[in-house]
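Chains as they are written, first to last, in our numbering: chain S, 1419 to 1730; chain V, 2 to 283.
Please note that the accuracy of each hint is not assured.
Okay, derived cross-link-like pairs now, DSBU-like style, lysine-lysine, Cα gap no bigger than 35 angstroms in a straight line [said to hold, decoys possible]:
hint, chain 1, residue 1, chain 2, residue 2
1, V, 270, S, 1723
2, S, 1723, S, 1641
3, V, 106, S, 1723
4, V, 270, S, 1641
5, V, 270, V, 229
These are computed hints drawn from the structure, not numbers from a lab. Remember, predicted model here, so these are calculated numbers, not experimental data.
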Amino acid sequence: MTDMTATMAAVPATARRKQVRYKSPTVRGRLPVLILFLPPALLLFTLFVILPMGEAAWYSLYRWNGYGLPEHFVGFRNFEVLFNNAAFSQALINNGLIILVSVLLQVPLALWLAMMLAHRIAGVVAFRLIFFLPYVLADVAAGLIWRFVYDGDYGLVAALAGFFGAATPYVLADRGLAIYAVLAVIIWKYFGFHMMLFIAGLQAVDRSVLEAAEIDGATGWQKFRYVTLPLLGSTVRLSVFFAVIGSLQLFDLVMPLTGGGPSNSTQTMVTFLYTYGVTRMQVGLGSAVGVVLFVICVTLAFGYKRIFMRHD
Amino acid sequence: MTDTTSSARMTAGTRLYLYVSLSLIAILVLMPLVTTALGGFKSLGDLRVNPFGLPSEWLWSNYLDILFGDRYWRQMLNSLFIAIMTVTLTVIVSAMAAFTFAHVKFFGSNQLLNYFLIGLMFPAATAILPLFIRIRDLGLLDSYWGVILPQVAFGLGMSILLFRNYFRNLPEELFQAAFVDGCGYIRFFWHISMPLSRPIVSTVSIITFVHSWNSYILPLIMLNTEEKYPWPLGIMVYRGEFGTDWQLVLAFITLTILPTVIVFFVAQKHIIAGLTAGAVKS
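Please take these sequences and the hints and turn them into a complete structure.
Here's what the structure looks like:
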C-alpha cells in the first residue's frame, strides 16, 4: 500500500518521477522533530478516524441508545435485522445501480467530452469551465436546485410536460421514477470531474503516435480504439475507481432531493444509516451499517487495485 | 492544448458536430442554474406559469430582503470560520507529519504512513455514530470545534500524502547543504521546506476549503443551534421554513452559491488543478 502514491497516476510522464531514496545524513535533533511534529496528526487521526471505526465494529454487536455504556449484547442480531430490512436491501440495490450508471454512462460521457475538447476550436476553455462548474457546487445546493427542476407545480419538468400536453409528472414523488431522477442529477454533478481527469490524461498522449497511425490509414474510430484508449488506460481505471468509491458514499445530494423517499425507493447506504441509525439513535444498527459500508469500500478498493491497477 | 485528432484541416462538418454537441450539453448543464437565478427575481405566480423565461417583472425584493437580513451573512460567516480553521489546522498538522515521513528516518516510519493512509479508504460516514458519541463525551457537541476537528482528521490522509511526495521531490542538494551548515530539522522545515512548498500548500488548501465549505453531514450531526449553522445546513432549514415559496428559496440558493461561482471563475486554473491533481496524485 505504500506505493499507492505511484500507482495512481493519470499523467504518466509527469507523475512518475524517479523515487529517490534518501541517504539522509545523521542530523542532530532527530528526536525533537519527531516529538514535536508527529503527535498532533497522530492524536487527531487516532481519536477521530481510527477509534470511531473500531468502536463502530464494537457497538454493532449491541443494542444501545447511546447513553450510559453499551451493555445489551445482541451478537450479530443487528446485521440480521439489517439484511432482512427491505429499505436496506433497496439501499444496496440503489448503490449498485449508482455505481453501474456512473461507470457505464458517466465515465464514457466524460471521455467523449474530453475528446471533443481536445480539438483546437474557439471556446474550448469556456466549455471546460461550464462542464466543471457543477462539480464545485455543494451537493446540497445542487440537490435543492434539482428539486426545483423536478417540482411538479413550479419546476422545469412540469413546464416541459405542459408544453407537450402531457400530464404533470411528480417525478420525485413517484416510487418508480425517483431513483432515475436522482441518477440524472448524479451525472450532471460529477461528469465534469471525470472529464478533467481525461483532459489531463489526453495531454500526455504522444501526438506522433497518432500521426503515425494516421499515415498508416487509420480512421478516426480506429485511432481512438487502438491508440488513444489504450494510452488512456490508467486514466480510465482511475476514473472508474473514483466513480465507484464516490457512489458508495452518496448522501448530501440525496437528502435535499428525496431524503431517501418516497417509501425508501431512493435510499442509499448512508441515507439509511442517517435515517434509521442517527435520527433514531439506534447506535447498534447504525454502526452495523457503518461496518458493512466499511467492508464494501475496503474490499472494492483493494480488489480493484489488485486486479486492474496493478501495473499503473 | 494538444490536438489529439492531429488533423490540421478540420472539415466544416466536424466543426459543426463539435459545436452542436458541446452547446447542447452546455445548455443542459447551465439550464438548472440559470433558471434558479432567474427564478429568484420572479413572483410565485410568474414562476408557476413561466419557469423558463425571463421574469415578466424583475422583482428585486426577494434578493434584497435576504441581503439585508442577517441570516444569510451569519451562515456565510459560520461556513467561512469553519473552513478557514479547518484549512489552517490541516496544512500545519499534515505538513509537519509529512516532513518527518519525507526527511526523518525512524523506526516504523513506513508503517506509520500506512496507518494514515487507511483514512483514504473509507468515507467519514461509516463511523459517524461513534464519532458523534466521542464529540459529545468531549463536550464539543454544538460547537464549531466539533465540526472542525473531525474534518481535519479525515483530511489528514490525503494531505500528508501530498505534502510528503512534494517534500521528497525537493532537490536533495538543498537538504545536504543546509545540514552541512549545521541547520537542524525544525529550522529546515520552517525556512526551506515550507517557503518552497507554496504550490502544494495551495493544492491542499483548495481541496480542504472546498470540502469544508460544501460539507453537510458533519455539521448536520454535530450542531443543533441554528445560529451556528454553516450555509448548506442553512439552506435546508430555509427551504423547510418557506416550503413552497420557491421564488424565495431560489433567491436564497442563488446567493449561497454565488461566492463559489465567483471564486471559481476568478481562480479557475488553480481550483481545477487543485481538485483534479489532488485526486490524481494521491
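Compare the structure with the hints numbered earlier in the document and write down the numbers of the violated ones, lowest to highest.
-> Of the numbered hints given earlier, the structure breaks none, since each of them holds.
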